[in-house]
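Asks: Can you build the whole structure from these sequences, using the hints too?
2 protein chains.
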Amino acid sequence: MNVQTQIDTGAEALMASAIRVLSMDAVQAANSGHPGMPMGMADVAAVLYNRFLSVDPTLPNWPDRDRFVLSAGHGSMLIYAINHMLGYADMDMDQVRNFRQHGYRTAGHPEYGHADGIETTTGPLGQGITTAVGMALAERMHNARFGDDLVDHYTYVIAGDGCLMEGISHEAIDMAGHMRLGRMIVLWDDNEITIDGSTALSTSTDQKARFAASGWHVQAVDGHDREAVAKAIEAARADDRPSLIACKTVIGQGAPNKAGSHKVHGAPLGDEEIAATREALSWPHEAFTLPKEVYDAWGAVAARGKSAREAWEARHLGSAQAGAFNRSLAAPDTGALGKAIDAYKAKLSAEAPKVATRKASEMALEVVYDALPNLVGGSADLTGSNLTKTGAMEPMTRDNYGGQYIHYGIREHGMAAAMNGIALHGGFVTYGGTFLVFADYCRPAIRLSALMGLPVTYVFTHDSIGLGEDGPTHQPVEHLASLRAMPNINIVRPADVVETAEAWEIAAGATGTPTLMALSRQGLPCLRTEHTSDNLTAKGAYVLREAEGGRDVTLIATGSEVEIAMKAADLLAEGGVKAAVVSAPCFELFAAQDEAYRAAVLGTAPRVGVEAAVEQSWAPMLGENSAFVGMSSFGASAPAGALYKHFGITAEAVADAAKSLI
Amino acid sequence: MNVQTQIDTGAEALMASAIRVLSMDAVQAANSGHPGMPMGMADVAAVLYNRFLSVDPTLPNWPDRDRFVLSAGHGSMLIYAINHMLGYADMDMDQVRNFRQHGYRTAGHPEYGHADGIETTTGPLGQGITTAVGMALAERMHNARFGDDLVDHYTYVIAGDGCLMEGISHEAIDMAGHMRLGRMIVLWDDNEITIDGSTALSTSTDQKARFAASGWHVQAVDGHDREAVAKAIEAARADDRPSLIACKTVIGQGAPNKAGSHKVHGAPLGDEEIAATREALSWPHEAFTLPKEVYDAWGAVAARGKSAREAWEARHLGSAQAGAFNRSLAAPDTGALGKAIDAYKAKLSAEAPKVATRKASEMALEVVYDALPNLVGGSADLTGSNLTKTGAMEPMTRDNYGGQYIHYGIREHGMAAAMNGIALHGGFVTYGGTFLVFADYCRPAIRLSALMGLPVTYVFTHDSIGLGEDGPTHQPVEHLASLRAMPNINIVRPADVVETAEAWEIAAGATGTPTLMALSRQGLPCLRTEHTSDNLTAKGAYVLREAEGGRDVTLIATGSEVEIAMKAADLLAEGGVKAAVVSAPCFELFAAQDEAYRAAVLGTAPRVGVEAAVEQSWAPMLGENSAFVGMSSFGASAPAGALYKHFGITAEAVADAAKSLI
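Protein chains in written order, with numbering that gives the first Met the number 0: chain A, 0 to 661; chain B, 0 to 661.
Check the hints yourself; a few may be wrong.
Because identical chains cannot be distinguished in the list, a pair is counted as satisfied if it fits within a single copy or across any two copies.
[Claimed, not checked] Distance condition first, Cα-Cα at most 27 Å in a straight line; then the derived DSS-like pairs of lysine-lysine:
id, residue 1, residue 2
1, Lys230, Lys305
2, Lys577, Lys644
3, Lys353, Lys262
4, Lys262, Lys358
5, Lys207, Lys538
Keep in mind that the hints were calculated from the coordinates and are not lab data.
Replies: Listed below in structure tokens is the structure:
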């Protein structure tokens, strides 16, 4: 515990005023932004940083720092103002002055990676609080492995009414309560205002009772009474349950005429009200200039953080676990992983097992887990369907944070956001499973994985009409296309047991890109019976079967449809047509290959694409003289074989399409 | 109130047993499906139908019937068994026997439109309960307009643990409590089992306290004590709050060896256990044969429903409002709508206002609302940004169900599912707004709009980097492509005030297809200054500006980028290059035009596509000799003008791309 107990309340009041003034001035200069939240929560934030939060601006990523998540991301000026005053080197006053301008770090919403001290990208409401669950969980899991000396920090969240109205907040609250994440403390900006007006327009939930129902420690305070806020944070830290502190605040507090109204939520105050606020706060300083006392007060917070960091470094230096700890935070050991996967692939090619790629994923996970012992995974209540649990993994529970397998419950969105939090916290390689169709349920969090470049892995099974009887609500048709449209995510749909192993090598070794695997429910033959140490899946697409003596046609397929393309090539061969088959497990990785390679794989012959999904996203794989065999509607409920026949995704159809092109 | 009070409890027990036996036998025959839920909830369902629920199988869509929603859709055999025994003409025993087989109505999950008496498609968890909120809301809104004589029914929901763990359930519960939807009654199958095992693996929320926190009436009963269930439903009906009845059940009740285990959730019981269950239930009848007493008991329920329907018809016949009531339920009056829009368009073309298309939508809504007085709309707390409220609309509140405008709160997913429920209930033309990027938050419900073919309208504004400073978390880049990938939904991105009016004519007049509008934040010039009565937007794409003397190039753009294409055509003309400009507001409607029209619009000259989004989805609009000017990464935070320049989406870039093709 490294907490400030001797408080100069005058200085703390100045710290809060400085947040208010910088926020209103920056929003005014940008003529865009949200002054209401930073002004309303300035007192709470001043207390939190001044007395509790431990961060070191000179080493922003020190592993045992407290995490601060601004879930109400529209109030971004709060964190920019604070980080400027704390002395983060990349947040000088020029940044604040150019809030929301091109080329500056002070983006409209806080963006991870754009500036130090931003722990996660927020803005889409409810993501911050749920990502924080993942951080707080990672803290406990890391602590279980390395002890209090190396891992002992808090996760603080500022959330607004919007965060708590979003559905994902239910998943967050239930998870945190169930996992008993006592070091997660949520400061709710209870200002009773949303964009449309009073919260009474749209909600009458008793949030305090709601959090209590999920096992949280709950308190309520006047958010402008700094001593009361401090006491509540102290009590929250002492309780072993996650804590909600409902901070009753006035939005835009400090602005004498506009505070308390939704008009101060997302618009500049205007020159007149800004002058009146300066008057009311007794703040004589010009815009973007701060008095020395303010920098001194915030500097003291930074100094406390620095000494905490130095004390931690001394403990780290003396720890027998320092090496293992460092390794857990480093990039995955792709050398060890690659060697293990190569040996495993050799065995697979020799034995050629026919298994569903979801089963192949389970088999590969055993290899990955051996090579990367900091692997933690889970499923949104589909463990036996996604096959995401290796034999050695123990369930992670509130009584055993040392467990490696997380039962996320029926909470796809919460799982995805929590995975982002685990990845942001560091210490683990992480993945989670559900059905591919439910990518829709967690899409906002997948998007943040991609936007932040987090190496999390989505293990999404039952990836087409091939799942059969569950019918169109469960059959992805548009999902591959919709996910391939997203920047910076690798969508990998392996065709067999070997490609699945290669997919796991890509996913588990990634550093700046999430991976989403689309895996079959149904069994698929091993097509890669000749061992190659090369990871062919990493090339995105490759020639699985060449047409001897030159191609008449090239058949290109992914996943479960590669088997169909191979059969079609056989049919064509019977009729004297020479067809090559290209397996294309990852369009994104193929697009990243050089043009010569791509041209050689795709060839100059007519092309037929085959995928049990809509054609959109296939354009780069096909050309002018091409055809596509796939879906153009939702699916149906019937056994898989009947569906493939009904929708015309068969070797015969592929062969016919090929012949019609020649 | 048309409720059964004289109960033959022996017959009711038989009714429940019959549900159990049909469910286990059908799942066994299919070798696929979920027997646990129908067997566990058989007693509750028997009581609900036998004593309370009012439906008439001879007129399944009678408007004042009670609505029954099986939110736990995997238990589909429950509703198929019941509807068979009630005598729905399309649900004979052959259907039950061929559960989950190709060509039968008994799909894996209940599908709206596949069989009578299925009020909504369920399966994706949490959708049913939230759709039911929309139904219950529509009932109250319809009642406010037509009175108790014509509209006076209940909405009953069976929900499982999965439904209540999904985030969307929070949005549902908060909305229903806030709107005080007292005629919504949720029967929670509290069996403490999920797919992975005990609910204790993943949740410790006190659901009863949670619902109470959102203003619900809450009771708990033994779900196998039929008298207790009946009393609870009576109390729920009497209370003016929405009601949760926690029904403690044993999953798979009736199966002597497997009941109570997650193994009975989603797998057949097996021949041996089926025999044991027959024994335990004293059920001597063969599979798919039922004794007369069972049909008699269920037939009595149907007869009670029929007489309720006949009594309603008598009231309807005598009602002065019968005509207006019928009109509210009929397809929208596209004649009146078309005339109003035509006159409005003439005015617009003459005045040529430069407005953002979100503003144009607000203007068009005034016209639509005049023509279709049963229009009800709303926004997920972005009313002033989406501009979704017409001047005359009053807020819908628990004290004024006669209002037309719904403050949905910060609940995009809940809004979309509730809109599905409003559309399914009937009586209203409905729409709802949020930012386009938050389509991700409600995608599972949008998918159900499309799958069910519901004519709801999504008014999604701030549709590109043109929103500016809010940055990449708020800037859609992949969303147009990801939505265009979905079957059966029209994605309309109008270019100006006239196309926006046309988009509203399409959306408000639709019957079997949802519409999603992508609207700009930024102002756009009126491009359609020459009036046409033809709805050119309904053609999907059309030549906005022809190149005199033959085209050198065709520029194709949507929405805010059509202005850029027009400027590019000017630039090209200066250099002597003849460019046509095609405005393409809706790819789906364009694909539905005949080939001659499409060929004429696209022409044979090289083509340049322009859209501030990723290229995916553009393939059908472009050809071999083409280029695309758009986005290939996430956006950034800066003023809109700076972003368009930074990402190279400018008239100059379009002109350069055109020249490089020629």
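Asks: For Lys230 vs Lys305, is the C-alpha pair at or below 27 Å within one copy, between two copies, both, or neither?
Replies: within (24 Å within a copy, 64 Å between copies)
Asks: Tell me, please, which holds for Lys353 and Lys262 at an alpha-carbon limit of 27 Å: within, between, both or neither?
Replies: Result: close only across copies, 26 Å inter versus 63 Å intra.
Asks: Go through the copies and call it for Lys262 and Lys358: within, between, both or neither, with a Cα cutoff of 27 Å.
Replies: between (55 Å within a copy, 20 Å between copies)
Asks: For Lys207 vs Lys538, is the C-alpha pair at or below 27 Å within one copy, between two copies, both, or neither?
Replies: neither (52 Å within a copy, 53 Å between copies)
Asks: Is it within, between, both or neither when you check Lys577 against Lys644 at 27 Å Cα-Cα?
Replies: within (25 Å within a copy, 49 Å between copies)
The structure is inconsistent with hint 5 alone, although it conforms to all the rest.
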